[in-house]
Amino acid sequence: MAVISISNVVKKYKDFVALNGVNLEIKQGECLGLLGPNGAGKTTLIRMITGSSPLTEGEVSVGGMDIKTSERQIKALIGIVPQLDNLDPDLNVIGNLLTFSRYFNIPHKEAKKRSTEVLQLVGLENRPKSNLGELSGGMKRRLMIARGLINRPRILILDEPTVGLDPQAKHLVWHKLRELRNSGVTLVLCTQVMEEAAELADRVAIMDKGSIICLAPPAELVVQNVGRTVWEIEPEDGHREPIIKALEQRRVEFDEGPGKITTYHVNDADAFKGLAIATGKLKQRPATLEDVFLKLTGRALIE
Amino acid sequence: MKWPSWRFIRVWQRNRDVFLKLWPSEVTGFVVEPLVLLLAMGFGLGAYVGMVNGQEYIEFVAPGIIASYAMFSASFECTYGSYLRMSYQRTFDAIIATPVNVEDVITGEIFWGATRSMLTGTVILIVATAFGLAESSWALLIPLLAFLQGLMFSSIALTFTAIIPSIHSFNHYFSLFISPMFFFSGVFFPLDSFPDIVQRLSWIAPLTSAVKLIRACFNGEFHPDIWLALGLIALITLVFFVASLVLMRRKLIV
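Residue numbers (numbering that gives the first Met the number 0), protein chains in the order written: chain B, 0 to 302; chain Z, 0 to 253.
Simulated from the structure, these hints should not be mistaken for lab results.
Glycine residues also receive a C-beta, built at the ideal position from the N, C-alpha and C atoms.
There's no promise every hint is true.
Have a look at the derived ranges for each label pair, beta carbon to beta carbon [said to hold, decoys possible]:
no., chain 1, residue 1, chain 2, residue 2, range
1, Z, Arg249, B, His170, 38 to 48 Å
2, Z, Glu55, B, Leu83, 50 to 60 Å
3, B, Gln82, Z, Ser178, 38 to 48 Å
4, Z, Leu34, B, Leu83, 35 to 45 Å
5, B, Lys111, Z, Ile125, 31 to 41 Å
6, Z, Leu139, B, Gln119, 30 to 40 Å
Modelling step: build the complete structure from the supplied sequences, incorporating the hints.
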């Protein structure tokens with residue numbers, strides 16, 4: 000059953016179109032990964048789900064309620080972990096959670112109980128009285144997750160939850176998110192870290208230029224779009240053009256990236272027989288979600 | 000436009016909690032400074048000025064200082080204070096993702112600014128009373144009046160906060176709006192001797208009405224124009240309250 004349903008959503012600003020007819024159904028209890036380059040419309044889309052951005056056209060409903068008429072009720076169901084730190088620096092760790100509880104109208108006693116619970120969940124139970132300045136980046140991120148859970152949300156929306164974290168903290172956050180998902184919370188995970196999406200998401204939607212260009216489980220996306228393995232060719236000076244011509248003739252699917260040519264759906268090295276590739280300049284590796292991402296959204300830098 | 004709900008109280012509570020934690024660093028600006036001004040002007044300048052409108056100068060200037068520092072309190076809170084919370088700390092963004100809406104946040108900020116006005120006004124009033132300056136029991140109404148004028152100055156300040164491009168623009172707000180009012184709203188001297196145009200301008204300046212009301216209650220002398228002053232404060236508050244709600248939604252919900 001869809002807990003969030005987005006249909007034909009258009010968002011126009013004065014001089015550009017941020018969302019261009021987006022349709023998306025997010026199922027109860029799944030983790031949906033939302034990928035896309037900068038400016039693809041991910042953040043606009045999640046702002047719409049929480050009523051922080053009005054729709055130009057289309058409909059968004061959450062838990063069966065329309066965002067246009069039931070903004071407050073919908074916001075009560077959702078927890079948010081934003082990309083930028085917006086913890087309250089004037090309050091300490093526990094103060095942040097208690098104050099946030101009040102915004103959800105949670106009685107003080109219950110708020111204290113829940114604050115202890117969520118701090119335990121993210122491994123900050125020893126720091127309730129710490130000021131925010133004393134916390135590391137990873138601890139702040141975990142506190143934001145704790146804050147996002149204070150209203151026991153049915154849906155948790157995370158925008159780049161592990162940006163800037165060291166690997167230890169990152170894996171801890173992933174572990175916590177997996178636990179949440181297993182306990183039945185629907186997760187919407189906006190990320191640029193493909194590994195994160197592959198690791199956590201049941202389904203991945205890739206957005207580009209205001210549209211969703213594909214939607215499937217991550218492993219399927221990889222196999223369908225680039226095959227199981229990719230080959231990378233590093234052509235020497237002057238050999239680039241002939242190699243590209245030959246690949247075109249042989250109908251090999253490939254992309255030109257900075258310095259490298261990446262081929263898709265090639266199973267063995269026979270495909271490159273007779274090409275002027277220096278030894279050690281042809282490498283094979285397992286295909287990843289990142290290959291899919293780059294293939295579908297283009298290798299050019301997006302400003 | 001959308002109207003605020005009772006949830007604005009949650010934002011007021013947030014600001015109160017932070018104030019209770021940080022108040023020692025704010026005391027100098029809103030307690031020490033006005034008291035130094037009151038004593039210096041009242042006793043120092045007062046010795047040269049003698050009587051104004053048939054009363055001691057310090058009795059004349061005390062209610063003016065209450066009204067102007069109540070104005071400063073609300074104005075600083077809802078310009079620099081609100082702007083920091085909105086743009087640097089992103090506190091507003093965090094709050095409006097909860098069942099608390101933009102209108103509740105802005106109303107909470109305005110009521111908190113008014114609370115600061117009331118606190119400041121009350122502290123100065125208590126000291127002035129200790130010096131035997133307040134003559135009327137109507138002075139008990141002054142905290143309430145300081146709160147009302149605080150609602151007005153907070154609403155004006157937040158309207159400005161909603162439209163400025165950067166924090167530096169507050170310089171203009173204070174240099175061109177707040178400071179001139181401080182000198183031309185009858186705080187330190189009656190405006191009778193000024194040209195007609197200055198008197199007219201002063202008449203519509205929001206601080207003038209606040210000074211009139213607070214002075215009336217301080218001295219227990221009521222002129223019929225206090226009703227006009229009260230009406231003017233109500234009108235200005237309503238206009239800017241609505242403007243701040245509309246403009247802030249336009250700024251934050253995009």
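Hint-by-hint comparison with the structure:
no.: 1; hint: Arg249(Z) / His170(B): 38 to 48 Å; in the structure: holds (42 Å)
no.: 2; hint: Glu55(Z) / Leu83(B): 50 to 60 Å; in the structure: holds (56 Å)
no.: 3; hint: Gln82(B) / Ser178(Z): 38 to 48 Å; in the structure: holds (40 Å)
no.: 4; hint: Leu34(Z) / Leu83(B): 35 to 45 Å; in the structure: holds (41 Å)
no.: 5; hint: Lys111(B) / Ile125(Z): 31 to 41 Å; in the structure: holds (36 Å)
no.: 6; hint: Leu139(Z) / Gln119(B): 30 to 40 Å; in the structure: violated (51 Å)
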